[in-house]
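Novice: Below, each chain spelled out in residue letters.
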Amino acid sequence: MSRSDLRGAGARLRFLGSLLGLCFLLLAVRAAHLTITDPRGAERGRAQTGTVLRVATARGAIVDRLGAELAVTMPAPSVYAVPSEITDLDAAAAGLAKALGRDASGIRKRLTEASSFVFVARWLPEKEARAVEALGLSGVGIVAEPRRTYPLGEMAGRLLGFANIDGEGIRGIEQGEDEWLRGQDRRIALERDARGRLLAPGGVDPRATAGGDVALTIDSALQAETEHALADVVKMTGAAGGVVVAMDPATGDILAVAESPVLDPASFRTTPYPLTGSRAFLEADEPGSVLKLAVVGAALQADVLAADELIDCEEGSYRVPGKTLHDAKPHGLLDPAGILRVSSNIGAAKIGERLTPERHHAALRALGFGAPTGSGFPSESAGLLRAPEGWRPLDQATISFGQGINVTPVQLAAAGVAVANGGTWRTPRLISARRRPGEDWVPEPTGATHSALSRKVADQLREMLVTVTQDDGTASHATLDNVAVAGKTGTAQKFDPIAGAYSNSDYQGWFLGMAPAADPQVVIVAMIDEPRGRSHGGGATAAPLFARVATAALARNAIVTTPRHDVPAMARVDGSEPTRSAAVSTAPPVEPEPAAAPEPAAIVETTTPAPVVPDRPASGNIEVILARPEKAPAASPSALRPTPEISWLGDRVLLPDLRGLTPKQVKEITDTVPFSLEIRGDGRVVSQVPAPGTILGVDAPLRLTLGGDEG
Amino acid sequence: MSARQDAMRATEAQGALLAAVGLLAACGAVAVFSATAPLAMDQTVPPHFLRHAAALTIGGFVAFAASRLPLATLRTLSLPLYALSLIALAATLGVGRTAGGAQRWLAIPGMGLSFQPAELVKLTTVLAVAFTLSRKDGRAEVTGRQLLTALGLAILPASLCLLQPDLGSAVILCVLAGGLLFVAGARVSHLALPALCSVAGLGIYVALRPYALRRWVGFLDPWSRASTEGFQLVQSFVAFGRGGVTGVGVGDGRQKLFYLPEAHNDFILSVVAEETGLIGVVFILGAFAALLVAGVRIAIGSKDRFALLLGTGATMLLTLPAALNAAVVMGCLPTKGLTLPFLSYGRTSLLVSCLAVGLLIAVARPIAERRRR
Numbered sequence: 001m002s003r004s005d006l007r008g009a010g011a012r013l014r015f016l017g018s019l020l021g022l023c024f025l026l027l028a029v030r031a032a033h034l035t036i037t038d039p040r041g042a043e044r045g046r047a048q049t050g051t052v053l054r055v056a057t058a059r060g061a062i063v064d065r066l067g068a069e070l071a072v073t074m075p076a077p078s079v080y081a082v083p084s085e086i087t088d089l090d091a092a093a094a095g096l097a098k099a100l101g102r103d104a105s106g107i108r109k110r111l112t113e114a115s116s117f118v119f120v121a122r123w124l125p126e127k128e129a130r131a132v133e134a135l136g137l138s139g140v141g142i143v144a145e146p147r148r149t150y151p152l153g154e155m156a157g158r159l160l161g162f163a164n165i166d167g168e169g170i171r172g173i174e175q176g177e178d179e180w181l182r183g184q185d186r187r188i189a190l191e192r193d194a195r196g197r198l199l200a201p202g203g204v205d206p207r208a209t210a211g212g213d214v215a216l217t218i219d220s221a222l223q224a225e226t227e228h229a230l231a232d233v234v235k236m237t238g239a240a241g242g243v244v245v246a247m248d249p250a251t252g253d254i255l256a257v258a259e260s261p262v263l264d265p266a267s268f269r270t271t272p273y274p275l276t277g278s279r280a281f282l283e284a285d286e287p288g289s290v291l292k293l294a295v296v297g298a299a300l301q302a303d304v305l306a307a308d309e310l311i312d313c314e315e316g317s318y319r320v321p322g323k324t325l326h327d328a329k330p331h332g333l334l335d336p337a338g339i340l341r342v343s344s345n346i347g348a349a350k351i352g353e354r355l356t357p358e359r360h361h362a363a364l365r366a367l368g369f370g371a372p373t374g375s376g377f378p379s380e381s382a383g384l385l386r387a388p389e390g391w392r393p394l395d396q397a398t399i400s401f402g403q404g405i406n407v408t409p410v411q412l413a414a415a416g417v418a419v420a421n422g423g424t425w426r427t428p429r430l431i432s433a434r435r436r437p438g439e440d441w442v443p444e445p446t447g448a449t450h451s452a453l454s455r456k457v458a459d460q461l462r463e464m465l466v467t468v469t470q471d472d473g474t475a476s477h478a479t480l481d482n483v484a485v486a487g488k489t490g491t492a493q494k495f496d497p498i499a500g501a502y503s504n505s506d507y508q509g510w511f512l513g514m515a516p517a518a519d520p521q522v523v524i525v526a527m528i529d530e531p532r533g534r535s536h537g538g539g540a541t542a543a544p545l546f547a548r549v550a551t552a553a554l555a556r557n558a559i560v561t562t563p564r565h566d567v568p569a570m571a572r573v574d575g576s577e578p579t580r581s582a583a584v585s586t587a588p589p590v591e592p593e594p595a596a597a598p599e600p601a602a603i604v605e606t607t608t609p610a611p612v613v614p615d616r617p618a619s620g621n622i623e624v625i626l627a628r629p630e631k632a633p634a635a636s637p638s639a640l641r642p643t644p645e646i647s648w649l650g651d652r653v654l655l656p657d658l659r660g661l662t663p664k665q666v667k668e669i670t671d672t673v674p675f676s677l678e679i680r681g682d683g684r685v686v687s688q689v690p691a692p693g694t695i696l697g698v699d700a701p702l703r704l705t706l707g708g709d710e711g
Numbered sequence: 001m002s003a004r005q006d007a008m009r010a011t012e013a014q015g016a017l018l019a020a021v022g023l024l025a026a027c028g029a030v031a032v033f034s035a036t037a038p039l040a041m042d043q044t045v046p047p048h049f050l051r052h053a054a055a056l057t058i059g060g061f062v063a064f065a066a067s068r069l070p071l072a073t074l075r076t077l078s079l080p081l082y083a084l085s086l087i088a089l090a091a092t093l094g095v096g097r098t099a100g101g102a103q104r105w106l107a108i109p110g111m112g113l114s115f116q117p118a119e120l121v122k123l124t125t126v127l128a129v130a131f132t133l134s135r136k137d138g139r140a141e142v143t144g145r146q147l148l149t150a151l152g153l154a155i156l157p158a159s160l161c162l163l164q165p166d167l168g169s170a171v172i173l174c175v176l177a178g179g180l181l182f183v184a185g186a187r188v189s190h191l192a193l194p195a196l197c198s199v200a201g202l203g204i205y206v207a208l209r210p211y212a213l214r215r216w217v218g219f220l221d222p223w224s225r226a227s228t229e230g231f232q233l234v235q236s237f238v239a240f241g242r243g244g245v246t247g248v249g250v251g252d253g254r255q256k257l258f259y260l261p262e263a264h265n266d267f268i269l270s271v272v273a274e275e276t277g278l279i280g281v282v283f284i285l286g287a288f289a290a291l292l293v294a295g296v297r298i299a300i301g302s303k304d305r306f307a308l309l310l311g312t313g314a315t316m317l318l319t320l321p322a323a324l325n326a327a328v329v330m331g332c333l334p335t336k337g338l339t340l341p342f343l344s345y346g347r348t349s350l351l352v353s354c355l356a357v358g359l360l361i362a363v364a365r366p367i368a369e370r371r372r373r
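Sequence lines, in order, name chains U and W.
Letter 374 of the first sequence, counting from 1, is numbered 374 in the numbering used here, and no numbers are missing.
Letter 276 of the second sequence, counting from 1, is numbered 276 in the numbering used here, and no numbers are missing.
Read the hints as simulated data drawn from the structure, not as lab findings.
Fair warning: this is a prediction, and the values are worked out from it, not measured in the lab.
All C-beta atoms, glycine included, are put in the ideal place defined by N, C-alpha and C.
Misleading hints may appear alongside valid ones.
[Said to hold, decoys possible] If you want a taste of the chain W side facing chain U, the calculated C-beta under 8 Å gives, among others:
(1) R135
(2) R242
(3) F258
(4) A289
(5) L292
(6) C332
[Said to hold, decoys possible] Just some of the chain U residues that point at chain W, by a computed CB distance under 10 Å:
(7) G21
(8) Q48
(9) A371
Kindly produce the complete structure, drawing on both the sequences and the hints.
Specialist: Listed below in structure tokens is the structure:
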């Protein structure tokens, strides 16, 4: 073996090694190209692993103006199965059927579906979910799904509307505020592996992206009382339904919207969609004579009518081109207040004649008719107000007394607000505040306002409307103890679309009222649809309903009063005598009460209570001073009140009116609800703190003063 | 050149070799851990990694044992070992286990293990060819008989490999034999004909095998066939592209999550590229280059023809598949099914690589130890 031979081989090996080394160098260059200068790899990488996950958010809550929950989203357990992981199919089906109380064969069918994930049962009660969990089945699991719940059930159901199973608001506030409540689906950039599995970066907290909450202007206590009153009157009068809208004239806040029939938002899947709407916002009807206040106001405002002038009401028969108008009773000379008091069609038509159609139309528009009010309720109706160019004299005459014009209850209430607060029309407000998750409430600004009437005209009009509730007025049943009421009744014949004419059997009774008349704290529109009693007019049906709701509404402002009248016997389907409460029984409905009726045309000054009550009483600890304790209801032994029903609002209680009850009856109630009771005196209950209609938690302090009648 | 200098060089080369191999083995362990973690389901440590680590440990002992073998013994054993491994390779065609569409594994009875004779055959072929070409009577040329014998020693196992089919191993065998013949002094003109024949045979083979043809097509234009023939290659490019210069971080790669087929095996370099970027790839290529330099120096420093050829063969056995594998992964050559020594998961390959390192040290040791005498 020679050295030179090895040297030659070494040289060849060096050459070979260099060649291979060059390969490594070229490969490094290639690697640099692929990693740095060729963008295709990185682009494709992003495209194939990147994915955007939409995280559904927890829908925000709807609460009332005091924070009581009206609609909340709760996690509800649902049972799912991964069919491929189920080991013993029969045992699993049998176990689930027993735990869920359902048919085993149906569950078995689910478990054999050719899917990687099936829901066995959704939105279960906690107890059933725990029973399923206890089975410990492989391939069966429980997942919490968000579920919309309405803690107060049917209360304000039509106003709240509902969200569908996908969490989209499709009616009412749920629809109108959907964007806010739903929040924005959070889009999270994530990656998936090649088998489609998500590479989750540490989990995502859906609360971080939850929708916002809204606080309504609704006062739950008043809402409950209003709904109760409406249901009561609808039942008494045999009516098909009704609507009550209560507004605060100072702010335009809608305090209560009661509707009959009610709607349970949770039942949206079993109720046809058209039957789930809110009549207060969506349906416009002819308001009848209520609208006479608009023509009087418009004429006063246009200075074509003086408050003290007399108008000839033609003894009940007046010819306009096309038709002869009639009044219910013939009247001679009447001042404008008198026309409103007796509700003279002829008087209203003659006042309307003094306005040009344009002017008349503009005045109605200024009061908010013919356009949606802008309350924010979705798809709010504009009502029907035709353009003045097409008005014939007969049209203007009928519009003057509320025919040929359709208005929604909310429009009418808003017009009432303008009359009540000195002439300023305010956008009805439904939302009082909003908050984003984890932040504080931010008050919602009040809506647009404009001047509809001058202060002088508004005050004049209100003075006239007080006379309507006098004993000879059409709205005597709207009166309250010690508190003057201004208002106007209306009785509309319903238009029968099949007959193409006004019905002679179907009516709507309307009342627009405000109290106290001198400085209204509340404006209420009440409408009773198709009452079936002998008397179907607004004065006999809607006016007493107003009185009840006004009593509850004024209690919020520490004005204590009671309705003087109940629904009269002639408006009731069973013809029974009004014996609703001891309080009412002290004020016989048919007898005028001389002491409480001073000067007919003057506004009764209320005995406004001394203490100033905060806008938002936080709990039930506000002491309400009775206006006149000595006049407080002292029930006669013959009129023993039935023990009131307890209305539960979730885990709280709507405090009933305990006045007039015996200690025994009080005990019946406190046996059911453990209030921390404090009783002073003997006899029957004469006053209660907190006031009726307050929503209380159990164990809340309740102070009762007993006295008066010892027997 | 004094013996003392030779000894120093050999010692240095030995150290460089061990350093390069150590680094590669360490990188390989990390890369296998990362690449097989998605396969590990809910286990903390991927079982693939545990098996790889066990093979590496055994490989250490194998390398040490091989390094202690006297060259004369190796010379004597070269042909019997070749024959044994050839029998094992032939046996795979009869009783071998099939995986991935190729019959490459031979079960070791009673141990529940299996190995790939093709990997071992590469090493025994190097031994046999080195032995053949070193039987020489003073002339610095390769005789025609030697040439034919050497070619025959390579073509026989290469043919068996093609039958499995295992094109990569066949190509390696032919290139190894060609390289050894070149270094041994065979005339380039003598090598040209067999080389041409091999290329032609390769062309016919690819044209006749549909799957081989698909690989060829996927190699030519991977991007326009990114979801079919070019899928694997494009996914490899994605790994390089995502990695950039510094990589996404060890363990943070996405391509191993079932986007890249054979991520822990033939395409382990893509995982390295994604997780450690260009820096990591260059580091690996550099380590192989260092291994190449050290191996070449060990071979050149040897004092006899068998040792030189054995050193050459062992060096080529370690670096040639590395270059080919890297070229495949980076789209410079069509996919072949070659592993990256020390990095790819594959216990037979790892053990044979360790054995090759042991043989290189066996070549270097006598020179390095001469200064102590």
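Novice: Against chain U, is R242/W within 8 Å by beta-carbon distance?
Specialist: holds (4 Å)
Novice: Does L292/W pass the interface hint, meaning its C-beta sits closer than 8 Å to a C-beta of chain U?
Specialist: holds (6 Å)
Novice: Does the nearest C-beta of chain W fall within a distance shorter than 10 Å of the C-beta of A371/U?
Specialist: violated (58 Å)
Novice: Classify the hint on R135/W as holds or violated, based on whether any CB of chain U lies nearer than 8 Å to its CB.
Specialist: With a minimum Cβ separation of about 11 Å from chain U (threshold 8 Å), the hint on R135/W is violated.
Novice: Given F258/W as an interface hint, is the shortest Cβ-Cβ distance to chain U below 8 Å?
Specialist: This hint holds: F258/W lies near chain U, its Cβ roughly 4 Å from the closest one there, short of 8 Å.
Novice: Once the shortest beta carbon distance from A289/W to chain U is found, is it less than 8 Å?
Specialist: holds (5 Å)
Novice: Quick check on Q48/U please, does its C-beta sit within 10 Å of some C-beta on chain W?
Specialist: holds (7 Å)
Novice: Do the numbers back the hint for C332/W, that is, is its least Cβ distance to chain U under 8 Å?
Specialist: C332/W check passes; min Cβ-Cβ to chain U is 6 Å, inside 8 Å.
Novice: Is the interface hint for G21/U satisfied, with its Cβ closer than 10 Å to some Cβ of chain W?
Specialist: G21/U check passes; min Cβ-Cβ to chain W is 6 Å, inside 10 Å.
Comparing the model with each earlier hint shows violations of hints 1 and 9; every other hint is respected.
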